[in-house]
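Chains A and B, in that order, are what the protein sequence lines are. Oh and the first sequence: position 295 is 985 in my numbering, straight run, nothing missing. Oh and the second sequence: position 115 is 805 in my numbering, straight run, nothing missing.
To be clear, the hints were calculated from the coordinates, so they are not data collected in a lab. Predicted model, so just to flag it, every value in this text is computed and none were measured. It is possible that some hints are incorrect.
Identical copies look the same in the list; a pair holds intra-copy or inter-copy alike.
To be verified - The calculated BS3-like cross-link candidates involving lysine-lysine, where the alpha carbons are at most 30 Å apart (straight line), are:
id	residue 1	residue 2
1	730	717
2	908	864
3	736	717
4	841	717
5	713	730
Protein chains: 2
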Amino acid sequence: MERADIAIIGTGPAGISAAINAKIRGKSFILFGSSKLSAKVGCSEKIENYPAVCQVTGSELNGLFHKQLEELEIPITEEQITGVYNMGEYYLIMADQTSYEATSVIIATGVEAVRAIPGEREFLGRGVSYCATCDGRLYKGRTIAVICDNKHMEDEVDFLCGLAKTVYYFPLFKSGLTRENLVRPDAGAAGISGTDSVESIMLKNGEKLDVDGVFFLKQSVSADVLLRGLEMDNGHIVVDHNMATNLRGCFAAGDCTGRPYQISKAVGEGNTAAHSAMAYLAEVSGLYKNSLNEDKG
Amino acid sequence: MERADIAIIGTGPAGISAAINAKIRGKSFILFGSSKLSAKVGCSEKIENYPAVCQVTGSELNGLFHKQLEELEIPITEEQITGVYNMGEYYLIMADQTSYEATSVIIATGVEAVRAIPGEREFLGRGVSYCATCDGRLYKGRTIAVICDNKHMEDEVDFLCGLAKTVYYFPLFKSGLTRENLVRPDAGAAGISGTDSVESIMLKNGEKLDVDGVFFLKQSVSADVLLRGLEMDNGHIVVDHNMATNLRGCFAAGDCTGRPYQISKAVGEGNTAAHSAMAYLAEVSGLYKNSLNEDKG
Numbered sequence: 691m692e693r694a695d696i697a698i699i700g701t702g703p704a705g706i707s708a709a710i711n712a713k714i715r716g717k718s719f720i721l722f723g724s725s726k727l728s729a730k731v732g733c734s735e736k737i738e739n740y741p742a743v744c745q746v747t748g749s750e751l752n753g754l755f756h757k758q759l760e761e762l763e764i765p766i767t768e769e770q771i772t773g774v775y776n777m778g779e780y781y782l783i784m785a786d787q788t789s790y791e792a793t794s795v796i797i798a799t800g801v802e803a804v805r806a807i808p809g810e811r812e813f814l815g816r817g818v819s820y821c822a823t824c825d826g827r828l829y830k831g832r833t834i835a836v837i838c839d840n841k842h843m844e845d846e847v848d849f850l851c852g853l854a855k856t857v858y859y860f861p862l863f864k865s866g867l868t869r870e871n872l873v874r875p876d877a878g879a880a881g882i883s884g885t886d887s888v889e890s891i892m893l894k895n896g897e898k899l900d901v902d903g904v905f906f907l908k909q910s911v912s913a914d915v916l917l918r919g920l921e922m923d924n925g926h927i928v929v930d931h932n933m934a935t936n937l938r939g940c941f942a943a944g945d946c947t948g949r950p951y952q953i954s955k956a957v958g959e960g961n962t963a964a965h966s967a968m969a970y971l972a973e974v975s976g977l978y979k980n981s982l983n984e985d986k987g
Numbered sequence: 691m692e693r694a695d696i697a698i699i700g701t702g703p704a705g706i707s708a709a710i711n712a713k714i715r716g717k718s719f720i721l722f723g724s725s726k727l728s729a730k731v732g733c734s735e736k737i738e739n740y741p742a743v744c745q746v747t748g749s750e751l752n753g754l755f756h757k758q759l760e761e762l763e764i765p766i767t768e769e770q771i772t773g774v775y776n777m778g779e780y781y782l783i784m785a786d787q788t789s790y791e792a793t794s795v796i797i798a799t800g801v802e803a804v805r806a807i808p809g810e811r812e813f814l815g816r817g818v819s820y821c822a823t824c825d826g827r828l829y830k831g832r833t834i835a836v837i838c839d840n841k842h843m844e845d846e847v848d849f850l851c852g853l854a855k856t857v858y859y860f861p862l863f864k865s866g867l868t869r870e871n872l873v874r875p876d877a878g879a880a881g882i883s884g885t886d887s888v889e890s891i892m893l894k895n896g897e898k899l900d901v902d903g904v905f906f907l908k909q910s911v912s913a914d915v916l917l918r919g920l921e922m923d924n925g926h927i928v929v930d931h932n933m934a935t936n937l938r939g940c941f942a943a944g945d946c947t948g949r950p951y952q953i954s955k956a957v958g959e960g961n962t963a964a965h966s967a968m969a970y971l972a973e974v975s976g977l978y979k980n981s982l983n984e985d986k987g
């Protein structure tokens, strides 16, 4: 597989803006995310502070983004990213089914709407999963808990119900979903416990339920879960004015870099991140050429 | 005169974005700049990387900005700002005819298209002026040089021709302007010399013309000319990720903070700068209340 110049992770306003600029400048890139674009934007009733677009609803704005992506022929790769690995010269991006390589990465994954609960990070990969498609089959015939923060991901809950023996379901929104093996506990999830791997989930009422695994179906997971070693500050990626993170070749844009959580801030940062990634590409390609010359010399 | 919460200097995309957010959040503010908005935007033939607005010309985009300012009832104060002074608790903004006070300032003045020539900064206020309206009358019947970087300001050249005895004119664009007392030197301006004040302008061909004053009619003047003490780096205002400058209560947004010179970057930074200014206002109003309480105690 060819190595892309830029991997853009996220199809909210920041990721879209980065992709538009990469496209216009003729870079090879992969835009990962949902083709439904940002659910957070989509839910906004009225947006009146996005310059040049007067009074739109969020779904109208997403419609305008869609139209622009189509006109510029920018495809969306709808795979859930499970991890990004810094390989020095490039980044390895692990998705559900396959892996990708890119020289630079722009993280535009939004901000975690719901704070992690105790045990969530500690047991990641040892009973805790963020991806039903990737890890669901491991829990066939077993007992799991599922915490879901938005309606758009409820089809994944349904998918897990088809595999597991029992699903303790904790929706963080009004949900009417019913399945034979779906159980709604009396209180919210407070924490996860176990020794080597997940053994039980604690409820806010003090109760404890034995489970083999816990799925968190979240729109956005904190970026340091995706890419270890990324410098964070209070849940946000630390960036400079050029949107550079502490990792060379890795840039970030949008809500994941901090407040204000605003569409225009996100598109601006996506633009800057794309330009910084392109400057980085020029820099490393120059270095590469120099090292080739040195080899010849 | 009432002190405004925020003075926004510049009516390009960054200043407009800041003003929209200040308006929506109910802050008192003054938006200084040209009601023609950004000439740089206006001249763009095609803009295809502003998210949600497909393929517009610059003048169409300025039209959309105009419409939004009108709908939100945001007036533009069309006065040329000659200086901004940090008074500690507030900023004093000197305009052509009057002065204004504001608790915080957002500088969104764009980037100087043409680098300053030797002597330009040194003789500012001693024969060098950036404002025909403010200083033109000082040169009635005298000899001046005028350097103008854009067609939109040529009416000011005309105004100066009506006052001065002789005008040596250096347009930095194709200009067809003719006046009886307008002289076009054979070469471009290379520098300004004098002892206490301006005495002559040097040309690139080595020639020297005696003048009493030199006017620079520029769309954007470097921000540190406007506000002394502002930390700059290679012609750009140094800002952090919150758009804060080195001066408390002073924020910056858009091209003046550095590359990329892009509309979406400018609107994003204008949004962030407005939110940072509002956070600053909340902080100082809290401090003010605390100091009142201490006085009472």
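Hints and how they fare:
1. 730 <-> 717: both (28 Å within a copy, 26 Å between copies)
2. 908 <-> 864: within (15 Å within a copy, 58 Å between copies)
3. 736 <-> 717: between (34 Å within a copy, 20 Å between copies)
4. 841 <-> 717: Neither, since 35 Å and 36 Å both go past 30 Å.
5. 713 <-> 730: both (25 Å within a copy, 23 Å between copies)
Hint violations for this structure: number 4 only, all remaining hints satisfied.
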